[in-house]
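Could you slot chains B and C onto chain A? The hints should help.
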Amino acid sequence: MLNTQQDRLMAEIDELVTRHGSQRNALIPILQSLQTRHHTISDFAMQAVADRLGVHPVEVYGVVTFYAFLNEEYHGRFVIRLCRTISCDMAGKEAVARQLCNDLGIEFGQTTPDGRFTLEWANCIGMCDQGPAMLVNDQVFTRVTSEKVHDILASCEKAFSPHTPQTEEEHAL
Amino acid sequence: MTIRNDMTLASVPVNAGLTAALKMDRAGVIGVIRNSAMKGRGGAGFPTGVKWNLAAAAQAPRKFVVCNADEGEPGTFKDRVILSEWPDLVFDGMTIAGYAIGAAEGILYLRGEYTYLRKGMEDCLAKRRGTSLLGERIRDKDGFSFDIHIHMGCGAYVCGEETALIESLEGHRGEARNRPPFPVNTGLNGAPTIVNNVETFAWAAAICVKGADWFKTIGTAKSTGPKILSVSGDVERPGVYEFPMGTTIQDVLKVAGGENAKTVVIGGASGHCVPAAEFSRAISYEDVATGGSVIVFGPGRDMLDAAENFLAFFADESCGQCTPCRIGNVRLLEGVRMLQRGECSTKYLHELCSLGETMQIASKCGLGQSSPNALLSIVKHFRHEILGRTPAEAKA
Amino acid sequence: MSQKNPCSEGDCRAPISQRPQVVPVSEAGDAIGSMIAATIDGHEIKVPLGTTILDAARRLGIHIPTLCHHDDLCVAGVCRICVVEVEGQRTLQASCAYPITQPIAIRTHSRKVRQARRHIIDLLLSEHYGECYSCFRNNNCELQALAKEYGVDFFRFGHPEKPLHNVDCSSYSVVRDMNKCVLCRRCVRTCIDLQEVGVLEAVGRGNRTTISTYLDKPLGDVVCINCGQCINRCPTGALRANDPTDEVWAAIDDPTKHVVIQTAPSPRAGIGEEFGMEPGTPMTWEMNTALRRCGFDKVFDTNFTADLTIIEEGTELILRLYKNLVLGDASQPLPQFTSCSPGWVKYIEHFYPEYLPHVSTCKSPQQMFGSLVKTWYAQINNLDPANIVSVALMPCSAKKFECNRPEMCDSGSKDVDYGLTTRELAQMIREAGVHLPEMPKSDFDDPFGTASGSGVIFGATGGVMEAALRSVIEFVSGKKVEDFYEHADIIPVRGFEGCRYVELRIPEAVGPVPGLIGHLVPDWNWIKGATVKVGVAHGTANAKRVMEDIKAGGKFSECHFIEFMACPGGCLGGGGQPIPTSPAIRQARARAIYQEDAAYGKTGKARKSHENPAVLRVYSEFLTDGPCGHKSHHLLHTHYTPRGKYIG
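For the protein sequence lines, the chains are A, B and C, in the order given.
One point on numbering: in this note's numbering, the residue at position 87 of the first sequence is 88, and numbering is uninterrupted.
One point on numbering: in this note's numbering, the residue at position 139 of the second sequence is 229, and numbering is uninterrupted.
One point on numbering: in this note's numbering, the residue at position 506 of the third sequence is 675, and numbering is uninterrupted.
Chain A with its partners taken away, still in its complex shape (with noise of 0.2 Å):
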């Protein structure tokens, strides 16, 4: 089980080298598609993706660990990422974070039990006229109050709800 786990994920890493190429400079398209993808970079992916690129695993481990959007460790469906810098902080992130902690049960960095969402600080991410503002993966929400909180969360929830087809990747999970 656990093999064929890890030639499926083989055979994705060889098709991305096919896409990206076999130079280091396809190393973090690589990385971005397999994050995307599994919401993680296994310690399997990383030495997997170094055999196939000529470089080091503790190179690539280098990389995952410099890179705000790259993890060893897994993230949940949903990565919630609230900026923290100084125009948001203005505009009252403070109080928008507290309830993401209530309203998910975690702490900032850290995953829910049931692996659905990660909750994480961000820096600056564009949106300083419209704060306090939040990336959902890749989604952006601006002018975020605490009441609105439970909406955002709840519209996530819905991907999980048994009415939506999943994706193959999500049963891989």
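Worth flagging that the hints you see were computed from the coordinates, not collected in a lab.
Any given hint could turn out to be false.
Unchecked claim - As a list, the in silico BS3-like pairs of lysine-lysine whose alpha-carbon atoms are at most 30 Å apart:
#1 A:149 - B:209
#2 B:437 - C:317
#3 B:300 - B:312
#4 B:437 - C:281
#5 C:331 - B:437
Unchecked claim - Computed footprint of chain B on chain C; a stretch qualifies when at least three of its residues, placed anywhere within it, have a C-beta under 8 Å from a C-beta of chain B:
#6 255 to 263
#7 274 to 287
#8 376 to 384
Computed from a prediction, not measured in an experiment: that's the story for all the values here.
Note that the Cβ used here is the ideal one computed from N, Cα and C, for glycine as well.
Using the frame of chain A, we list chains B and C on its own:
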């Protein structure tokens, strides 16, 4: 509504810049950009024409045009607006640059936080490829092929520094390089590379349409042309504004609705804090320089909180390779927290300021060199507010 | 011998940002544009275009302090200690990274510069946990020296009161203490660029940046080959060898134990540096006396087993050649690789396990010695092997791992109990109150005290090859090596070039093959007129180049025998040698080694392994079925573990 006043870029016809440029020879295009005296819109203010000319003069089989869309400076969001409203102008500018320096490859480095903009931009690129604005023999111009692809960043402010951006493109940690050699000689994969800001490319396209003289009539002698500013904080109408270079801070505040401001931080976390008494100063390379960030602080704001926010940002976003920036920002942050708790001696404050001056000159790249700016200017202008706090009013 | 920085070579894998800037210089030294004038502190100098400010200042005798810079490594420019003021520039420039390409005026110690350096030192100290007097680098620490140079008399920005990191003692060879790390990244550049092993890298970002391994695993669990090159280049005590001196002292103090020490050739060429001598001052005979004063019962010469290794490995080579080329036996693949460098052995186990059948089955001289001490030596001296404590003085940190390999117990228990580095022995000698250079000279003890010059040159890159060739040529040609090479110095295999390839012709007319090996092969005609192709590589980055060439079917794949050494320069540049190291220091040590070899010739002693009378005695009294016989296979040969590069 983010766009708050009339934008010149909105009236520049799409593709007209490239059409005009292709009627000139390469030297002619660089001549126009040089004549406009435009300086880079990212904030450092290096003359764009000079940069293009250096890259054009470099002999190499391969060259690159890189658009720096890693807009990460706190308080800056004008590139987001340009990329969502006028992506064609940016691609026009990049293609013009490719023609001028003899490059066939363009890369737009888009910050990961702006992934939602990618779809629209890819559509725009596809359309351009379909209409011979990208690809082989653009507009039947012999020997000119150029294409652009979008490379996504993944959450690192320092990649806005051009050499860190190149390292990131090469698949490395985004750590700034030693300079020289400069990217115009030894850039991406060792090839001559120009890295310009989103706004710079857009204005370059506009200049090719409207001419260098038009650009020079706007702004000041040393800071030509219009500048797009991102205004946020305690103002009634936050958003992006176009002003001629040299506009005073008070004029900006008047238009944006922030006349009662206590202070304005120009240039984001790496910028300077300008107190109300100096609001007659001009936003320009020779006075208060900025890549576009204007953050307004109302009367009730505590500037130590701002300093703390900025320094926490830098402690996290420093690439961590050079000593002054990696450790210096942490010591400054601890110092600000001591001030907040009312535990910092005047002598130690002086030590910290002196450390900040060292960071400004001894750090490896622009991040570390500018990270102490905000604190130093806050200490200079608001000394009376930050010393001698009692624990009661001190925050955690 | 090349003075080149190993990382400046063309196929360096370092990122562009770290490669020294190469400016094309005209052949004619004084051609216009090839030289550039600079003014440093008011002194004029003309240097080749592209020379760094640091190099230019050194030529003028102007000292600029450095920390992340190292003569062996790529440019980093990260510590910022070496900043200087360049006239007309707002910011200070890192002199180690700034190439002079136009006339500039530089000030190396203006007020701004001094203040910046002091701040940088203060910042480093604010994160450097540890007290100098409890650190093995006390008095040989670059951070400590900088603090003194800049008059640090208080911790301006504080000082950590508690350790923030656990010390990683998981490796038999290398100990990592991140509390003392200054993030200069010399170890990273050593591990990734110089050695191309890829264990250490900067991890994390901003104030959370550390130097770490893959997934922060303990050093003992990753692909570290224990070469210890990172230790030699660490400016502080963040990296050190796993030190067994306490156990060695305890054995010496125990009257029931018979403590013997074997000493390799390279420590003798380096240990003088620990006592203030110039690099390249041999201390062989003084060290023997010092070791006895420390309390070792017997002082032996590893060169004896180096000679034995040559006989065994040379025999193995001849057998391989015969089986492979004459009998067509593919199970005996060529080229044969040497096996005496434990760093190299672990490297190939990790990175090229499919090539392990190429590796000679001979144990390294250290382990051959261990096997013989607890068997033959115990037997002829009526000693209980359980009471023998076998210590090895090596220039090497990987030898510590080697002696702890489970397969290295052929004598019945650990063949070698402890591996000491040159540095650790110097420490023991100091503790014993002995000043090494003043010691009277004394010889090694019998029966392992007799060596040949061939054993001595094992310490330098190319040495094993030269020693082997001296014997193999004489074995198969029946002539003296001196007939082919003056003074038996096989110059083509010497030198510091990273990868070397040499062809040697065996003459058509060969004499009778000596009895020691003559019986192994039914006839010797096949070797007449053959061309022997050999290769030499030192430093695992060069080893990798040779291995990739072999994989691609290049010229090294046609070799018959290749010497691999994990460390740049060979054992004399080993990870257990005195700190600091540099190309110049390694060359000085190599000179000392080749001088000792030459001295063997001048004093009439054997210079070829098969002429070593002690070796002949072992074969006549103990290993009576000869080289590569049953007994030798049991005691002197070993097997390897395919480890692979995947980290579990």
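Here is what the structure says about each hint:
no., hint, result
1, A:149 - B:209, "holds, 27 Å"
2, B:437 - C:317, "holds, 24 Å"
3, B:300 - B:312, "holds, 20 Å"
4, B:437 - C:281, "holds, 20 Å"
5, C:331 - B:437, "holds, 26 Å"
6, 255 to 263, "holds (count 4)"
7, 274 to 287, "holds (count 3)"
8, 376 to 384, "holds (count 3)"
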